[in-house]
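**Student:** Protein chains in written order, with our numbering: chain A, 548 to 866; chain B, 548 to 866; chain C, -19 to 270; chain D, -19 to 270.
For the record, the hints were derived by calculation from the structure and aren't laboratory data.
Since we're looking at a predicted model, the values are computed, not measured.
Hints are supplied without guarantee of correctness; some may be wrong.
To be verified - Calculated from the model, a selection of chain A residues having no Cβ within reach of chain B, i.e. all distances over 12 angstroms: (1) R579; (2) A582; (3) G644; (4) L656; (5) E671; (6) L686; (7) L690; (8) T722; (9) M732; (10) R754; (11) G760.
To be verified - Listed below are the simulated BS3-like cross-link pairs for lysine-lysine, each with C-alpha atoms no more than 27 angstroms apart in a straight line: (12) K839(A) / K589(A); (13) K66(C) / K114(C); (14) K135(D) / K66(C); (15) K86(C) / K(-7)(C); (16) K114(C) / K168(C); (17) K66(D) / K66(C); (18) K588(B) / K841(B); (19) K85(C) / K168(C); (20) K114(D) / K588(A); (21) K79(C) / K604(B); (22) K130(D) / K589(A); (23) K135(C) / K85(C); (24) K588(B) / K839(B); (25) K(-18)(C) / K66(C); (26) K135(D) / K114(D); (27) K85(D) / K168(D); (28) K135(D) / K85(D); (29) K168(C) / K589(B); (30) K79(D) / K604(A); (31) K(-18)(C) / K114(C); (32) K(-7)(D) / K(-7)(C); (33) K114(D) / K130(D); (34) K86(C) / K168(C); (35) K588(B) / K114(C).
Where a beta carbon is used, it is the ideal one built from N, C-alpha and C, also for glycine.
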Amino acid sequence: MPGVNRTLSVDLGGLVLGTPVLVASGCGGSGRETAGLVDPKKVGGVVSRTITVEARKGSPTPRVAETPSAIVWDTGLQNPGIDAFVSEELPALSRGGPPLFVSIGGRSLEEYVRLTSALQGHPEVVAIEVHLSEPDDELGRPLIGGHVDRMTEIVGACARMSLVPVFAKLPWAPTQLAELATAAMRAGAHGVVVVDAPPALAIDAQRLKPALGAATGRLAGPAVKPLTLAAVHEVARALPDVPLVAVGGVRSGLDAVEMLLAGAWALQVGTATLVDPAAPVRVAQGIARYLKGKNLASPADIRARLRLPAGAGTPEVQV
Amino acid sequence: MPGVNRTLSVDLGGLVLGTPVLVASGCGGSGRETAGLVDPKKVGGVVSRTITVEARKGSPTPRVAETPSAIVWDTGLQNPGIDAFVSEELPALSRGGPPLFVSIGGRSLEEYVRLTSALQGHPEVVAIEVHLSEPDDELGRPLIGGHVDRMTEIVGACARMSLVPVFAKLPWAPTQLAELATAAMRAGAHGVVVVDAPPALAIDAQRLKPALGAATGRLAGPAVKPLTLAAVHEVARALPDVPLVAVGGVRSGLDAVEMLLAGAWALQVGTATLVDPAAPVRVAQGIARYLKGKNLASPADIRARLRLPAGAGTPEVQV
Amino acid sequence: MKRARAEVLSTRKVGGFHSLTLVAPEIAERARPGQFLAVEMPDGRDFVLRRHVSIHQASRRGGWAGTLEFVVEPTGPGTTWLSAVKAHEFLDVIGPLGKGFAYPKKLTNCLLVAEGRSAAALYFLAQELLLRHKRVDMVIGGETLETVFKPIEAKRLSQTVAVMTADGTLGERGGLLDALPEVVERTKTEVVYAAGDAPTLQRVAAFCRTRNLPAQVMIEEPMACGFGLCYACVVPVARADGSGYDNLRACVDGPVFNPARVLWDVWRTEAATMMPTPPEGLPVVRTWPG
Amino acid sequence: MKRARAEVLSTRKVGGFHSLTLVAPEIAERARPGQFLAVEMPDGRDFVLRRHVSIHQASRRGGWAGTLEFVVEPTGPGTTWLSAVKAHEFLDVIGPLGKGFAYPKKLTNCLLVAEGRSAAALYFLAQELLLRHKRVDMVIGGETLETVFKPIEAKRLSQTVAVMTADGTLGERGGLLDALPEVVERTKTEVVYAAGDAPTLQRVAAFCRTRNLPAQVMIEEPMACGFGLCYACVVPVARADGSGYDNLRACVDGPVFNPARVLWDVWRTEAATMMPTPPEGLPVVRTWPG
Ligand SMILES: Cc1cc2nc3c(=O)[nH]c(=O)nc-3n(C[C@H](O)[C@H](O)[C@H](O)COP(=O)(O)OP(=O)(O)OC[C@H]3O[C@@H](n4cnc5c(N)ncnc54)[C@H](O)[C@@H]3O)c2cc1C
Ligand SMILES: Cc1cc2nc3c(=O)[nH]c(=O)nc-3n(C[C@H](O)[C@H](O)[C@H](O)COP(=O)(O)OP(=O)(O)OC[C@H]3O[C@@H](n4cnc5c(N)ncnc54)[C@H](O)[C@@H]3O)c2cc1C
Ligand SMILES: Cc1cc2nc3c(=O)[nH]c(=O)nc-3n(C[C@H](O)[C@H](O)[C@H](O)COP(=O)(O)O)c2cc1C
Ligand SMILES: Cc1cc2nc3c(=O)[nH]c(=O)nc-3n(C[C@H](O)[C@H](O)[C@H](O)COP(=O)(O)O)c2cc1C
Ligand code: FES
Ligand code: FES
């Protein structure tokens, strides 16, 4: 395709990003910390850490432990609460930074409503990512977004109220992902983020106790890539027209390409950003190199292009 | 505790094993392959690969791919079918070998019944492990054991018919593990194996296709340890009196100790056996060293002894 | 089959390959051509399985008695690590694994066909055939000069050698198959031994079938264990009684197979790859960043 | 904060520790005592996060201008790997990170208290204090002779040095706290700087509080990123206005804190460990295998 203008830009159903690579929630700081180490103009987008209605002190330390090719972490959603976030962090986060997604989390429908409402009228927020992995205080369930009823109710409320696109970050409920994604889309979500990190436990055997202050945490980093790919593949096959943002285990450009092939429209980089603040740019460049090598014009050209063997018992993805 | 006889033996509710370390299903061959590399008398037990009613050719190759600190595999349950297994493999598997668990798998209730029946009257089989991760042909569901109704029905049928203890290998359904384990126990299982490997996808980006012939596979190896620990911890807290065999990610003696601390009564070693045929013995020796260092007498002494921080929001395990 | 903590005696660069010589008497003693080793990878890496390498040389007598040699091509993390191992380090190896090549009882004229580093296994075979007073001829090849394995050694071991390279930098330009008809004719080949990648082996198999030549091929099917535990490495092989086929483990029932019995189409179809055509006229929003 | 691909100029064994000197002018230029570096681990390992090390020396002038030195104790995979790095290899480092020690404006007599390799950060501090014409005294310690960091260097930098070891192999037998009352008295200490593990720092904090001594402590809270992105590394610090506390990130708001403001009990309670008593009279079935 000589002479064709290649692009890294992706169109998530109207929301256009310069590259398909975002910084995952909780891994981007306030945007100022790594100034000088990464050019914000080359980052596709950044998701804020999850913001709750009230300020949270977060979990006891240690909050991170290493396991083979992964980390187990739990920060307990430490954050200053929505009001302080809007007044103190939002201006700095968005100023000169990449497109900003704000992640919101709660334990009741009302909290999500209040959070969504507080974020309206802030043009620097391009989208809302709904974190749904907290316990459900109203219904007494361990995972607020793990059920179709609540997914519908909460995402529906956020979507109806929000002037910017709402993405549902699917909680780790592997047998129900397609069902939950469908519920979120029916309720008015603009897209889905696949998939929140799985619960994990790291143990310090010498001390007979969990490695984390909060006991259990969740798994992130390179090791989870094959799990994310399976989840993305499953949801993308069920909902091929839904903007799908992959998250979990992306470190390199090729990892990102794999996510796109499996059906992602864009993807997020978490742990890798903690190791290399320029990871989102490096990953995007890796995608560009790959596309160039295959003589393709844009990330959308490889989306869901995974070739399934005819004998694999699963029909080929329609693209 | 000077003078006390230390032991590695564990009592799984009456089923006594010399060590708490078994070879996981699908990773032990016929028992003859690695003769000379490992002393079968020092292996706690071995689980056969999963046997189905009819012979299976298995999945197309490649059947294994490496991902960070893990493998994605799918053998498609290649096996000679129950009749050939009983007549040709069973005698060799059990002769001089460690206690033998036979894994059975099917896609309908009837298949499980036929399998269980065919294994009766073979004293060399000390237990049956029910593999429940196949699709359900009768009800058209993707995961036969992922629902309380079928878990109850199938495990109930096997348990009623079997003269040897029946263990249910819980399928990967993270949000429902305690519920499924409870159903299995109510239905008459002797214990549970926690947990079958999660679905995973490895992609060969250069060729735009899955790395495995079967497209998706499942994840095993060191990377999954934190997921297994979380699952074991959850099930053990819900069912502290149920013999629980952990599987997934154990490579060293300390890994095994972590499983015991999280609540396992015994554990299985899969991938690590493929790398080091003597892994089950090495792991047991590692447990022994740990117990000695802590001056404890037996693996049961550390079972579910994980110390949870008071502030972690989760009550301390009762032992 | 033995397991050894084997000292690396020496290492050597051979064209684009690396050769390692180990001290492992118990394995060397038992090794036959076509058999292989499973080498453990170091702790703390993000890849966990053993790597499998053909035995290039096993010395049972003389000054090198008790040593084993294998050859690696650095194509991935494991072989790259092996290529950097230094003399006097130790490797955990299990071997000899699998069934090696069978030697012909009556037939005499053997043609050995191999490409790239796969040839390593055949040099060991050539020696054993010579000890049995067979005639050995060779066709070896590679992409380029660098990846033709030890052409001088090939000359030393065989009556005639045809060298083929894809780019013509050594010998003739072309693939192994291009040389076969002429060589088989000229050397009056009675038995063919081959090693290489699957497409090449399939073509060799087809060639031998049309000519009614008995043959043995060494198949490199990706393995997990290498000693029969996991059924990762299967190859579909027709039953002798014609009743169908079995998926046999290449690591215990191979890696050497009778190509006439391998169901090449069953085995290789699954591996086929389709490239998507780049779609035309996509929306172009802006050019590469950075 | 800069990122550099820094060449290792030299490495050296110092007792039980390893010291590495890097060429990283942009970082060296900006470095202050108490600040640290985040060092990337090599590809292909099963551990992924950077490792965090205190700056032991940053030379801005003279023959070593543009170099940085840090010290590692091989206690885990990362520090073990770092201990084996050789001269002329390259490390990806980010630094200087965090807020360093503040120097007293008026007060003069500084006491530097540290155990094990944590002392490395304080030798850099001592030099800077000396440049500012402060009096420096030191109390350093370790489990044993081997883990007392550079006692001779300590003598060179300070007026007096008290060395404490748990086993009495060097200096006095005992912990750092055992020496403090006498040294503080004798040297007329006005400011205390401390580095070490959390229990020691908590005890130093309590000591300084009772004596009303201003102090600064360097806290090593496990980190993930090291540059403020992840909130892994928090320490509870009382607000100046008395309205409660904030969990501050040790990597950007520390690692140096005013110990009087740290809520030691909140922070450390969570870390408490209980050992189960071995239950008696368990069924003993048979003895150890093998
Ligand atoms: C019986 C047998 C003998 C072999 N002998 C040799 C030898 O003498 N020297 C040598 O260098 N290699 C040999 N191989 C191949 C080698 O074992 C694999 O290439 C191995 O996976 C390389 O590991 P890696 O980490 O370097 O690369 P990987 O990243 O694992 O793989 C690199 C490339 O090789 C392909 N591959 C992966 N696994 C295998 C496999 N098991 N067999 C063939 N291709 C594979 C991958 O698709 C990839 O393209 C042999 C394989 C077998 C089965
Ligand atoms: C500000 C700061 C400065 C430091 N300076 C140095 C230094 O100059 N030299 C040096 O050798 N180490 C230093 N450390 C500690 C070092 O970063 C950690 O011990 C690191 O985790 C070691 O990695 P590892 O892979 O070797 O061991 P790991 O397996 O990660 O850990 C080994 C042991 O250290 C504990 N630990 C883990 N992470 C940390 C951490 N971040 N801080 C403290 N303890 C931890 C673990 O619980 C374990 O007991 C510093 C840490 C911080 C936060
Ligand atoms: C330190 C840390 C903090 C995180 N905080 C949040 C958070 O506040 N909200 C959220 O939805 N996800 C959070 N995540 C999860 C990430 O957004 C992401 O889903 C996960 O890390 C997997 O991606 P990775 O493998 O690229 O790290 C956090 C992850 C890490 C490592
Ligand atoms: C090659 C291979 C084959 C397997 N075959 C089976 C099987 O037939 N039935 C089954 O229940 N589990 C099977 N498993 C899963 C293992 O029993 C185990 O659950 C999994 O490998 C996780 O343990 P590990 O991390 O120790 O490998 C297989 C695993 C591997 C790697
Ligand atoms: S590689 Fe495991 S059976 Fe062949
Ligand atoms: S270590 Fe990431 S914020 Fe401090």
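**Student:** None of the hints should be skipped; say for each whether it holds.
**Tutor:** Hints, one by one, checked against the model:
1. For R579(A), the non-interface assignment is confirmed: its Cβ lies about 31 angstroms from the closest Cβ of chain B, beyond the 12 angstroms cut-off.
2. Chain B leaves A582(A) outside its interface by the beta-carbon criterion, the shortest separation being 30 angstroms against a cut-off of 12 angstroms.
3. Once the 12 angstroms rule is applied to beta carbons, G644(A) is consistent with being away from chain B; the minimum gap is 30 angstroms.
4. Every CB of chain B lies more than 12 angstroms from the CB of L656(A), the least distance being 20 angstroms, so the non-interface label holds.
5. No beta-carbon of chain B is positioned within 12 angstroms of the beta-carbon of E671(A); the least distance is around 35 angstroms.
6. With a cut of 12 angstroms on Cβ distances, L686(A) stays outside the contact zone with chain B, its closest approach being about 14 angstroms.
7. With 12 angstroms as the threshold on Cβ separation, the claim that L690(A) sits away from chain B is violated: the shortest Cβ distance comes to roughly 6 angstroms.
8. With 12 angstroms as the threshold on Cβ separation, the claim that T722(A) sits away from chain B is violated: the shortest Cβ distance comes to roughly 5 angstroms.
9. Every CB of chain B is more than 12 angstroms from the CB of M732(A) (nearest about 20 angstroms), matching its label as outside the interface.
10. With a closest Cβ-Cβ approach of about 8 angstroms to chain B, R754(A) is found to fall inside the 12 angstroms limit, against its non-interface label.
11. Remark: the non-interface label on G760(A) conflicts with the geometry, its nearest Cβ contact in chain B lying 6 angstroms away (cut-off 12 angstroms).
12. For the suggested pair K839(A) and K589(A), the alpha carbons sit about 18 angstroms apart, so the restraint of at most 27 angstroms is met.
13. A threshold of 27 angstroms between alpha carbons decides the hint, and for K66(C) with K114(C) the separation of about 37 angstroms lies outside it, so the pair is violated.
14. Between K135(D) and K66(C) the alpha-carbon distance is near 43 angstroms, which puts this suggested pair outside the 27 angstroms criterion.
15. Pair hint K86(C) plus K(-7)(C) does not hold up; C-alpha atoms about 38 angstroms apart against a cutoff of 27 angstroms.
16. Note on K114(C) and K168(C): the hinted pairing holds, with a Cα-Cα distance of about 13 angstroms set against a maximum of 27 angstroms.
17. At most 27 angstroms may separate the alpha-carbon atoms for a hinted pair to count; K66(D) and K66(C) meet this at roughly 16 angstroms.
18. Annotation: proposed proximity of K588(B) to K841(B) holds, straight-line Cα distance about 26 angstroms (limit 27 angstroms).
19. Taken as a hint, the K85(C) and K168(C) pair is honoured in the structure, with Cα atoms around 17 angstroms apart against an allowance of 27 angstroms.
20. This hinted pair does not check out: K114(D) and K588(A) have alpha carbons roughly 47 angstroms apart, beyond 27 angstroms.
21. Taking the CA atoms of K79(C) and K604(B), the gap is about 22 angstroms. The hint holds against a cut of 27 angstroms.
22. Distance restraint check for K130(D) and K589(A): the Cα-Cα separation of roughly 46 angstroms exceeds the 27 angstroms cut-off, and the hinted pair is therefore not satisfied.
23. The straight-line distance between the Cα atoms of K135(C) and K85(C) is roughly 24 angstroms, inside the 27 angstroms bound, and the hint therefore holds.
24. As the CA atoms of K588(B) and K839(B) are separated by approximately 21 angstroms, the hinted pair is consistent with the 27 angstroms bound.
25. A C-alpha spacing of about 23 angstroms is found between K(-18)(C) and K66(C), which places the hinted pair at or below 27 angstroms, so the restraint holds.
26. Between K135(D) and K114(D) the CA atoms are separated by roughly 15 angstroms; this keeps the pair inside 27 angstroms, and the hint holds.
27. Note on K85(D) and K168(D): the hinted pairing holds, with a Cα-Cα distance of about 17 angstroms set against a maximum of 27 angstroms.
28. Distance restraint check for K135(D) and K85(D): the Cα-Cα separation of roughly 24 angstroms lies within the 27 angstroms cut-off, and the hinted pair is therefore satisfied.
29. With a C-alpha separation of about 56 angstroms, the suggested pairing of K168(C) with K589(B) is violated against the 27 angstroms cut-off.
30. For the hint linking K79(D) to K604(A), the alpha-carbon distance of about 22 angstroms falls within 27 angstroms, and the restraint holds.
31. For the proposed pair K(-18)(C) and K114(C), the alpha carbon gap of about 30 angstroms is over 27 angstroms, so the pair is violated.
32. Distance restraint check for K(-7)(D) and K(-7)(C): the Cα-Cα separation of roughly 34 angstroms exceeds the 27 angstroms cut-off, and the hinted pair is therefore not satisfied.
33. Taking the CA atoms of K114(D) and K130(D), the gap is near 21 angstroms; set against the 27 angstroms cutoff, the hint holds.
34. Taken as a hint, the K86(C) and K168(C) pair is honoured in the structure, with Cα atoms around 14 angstroms apart against an allowance of 27 angstroms.
35. Distance check on the hinted pair: K588(B) and K114(C) sit about 47 angstroms apart at the alpha-carbon level, beyond 27 angstroms; violated.
Consistency with the previously given hints fails for numbers 7, 8, 10, 11, 13, 14, 15, 20, 22, 29, 31, 32, 35, ordered from lowest to highest.
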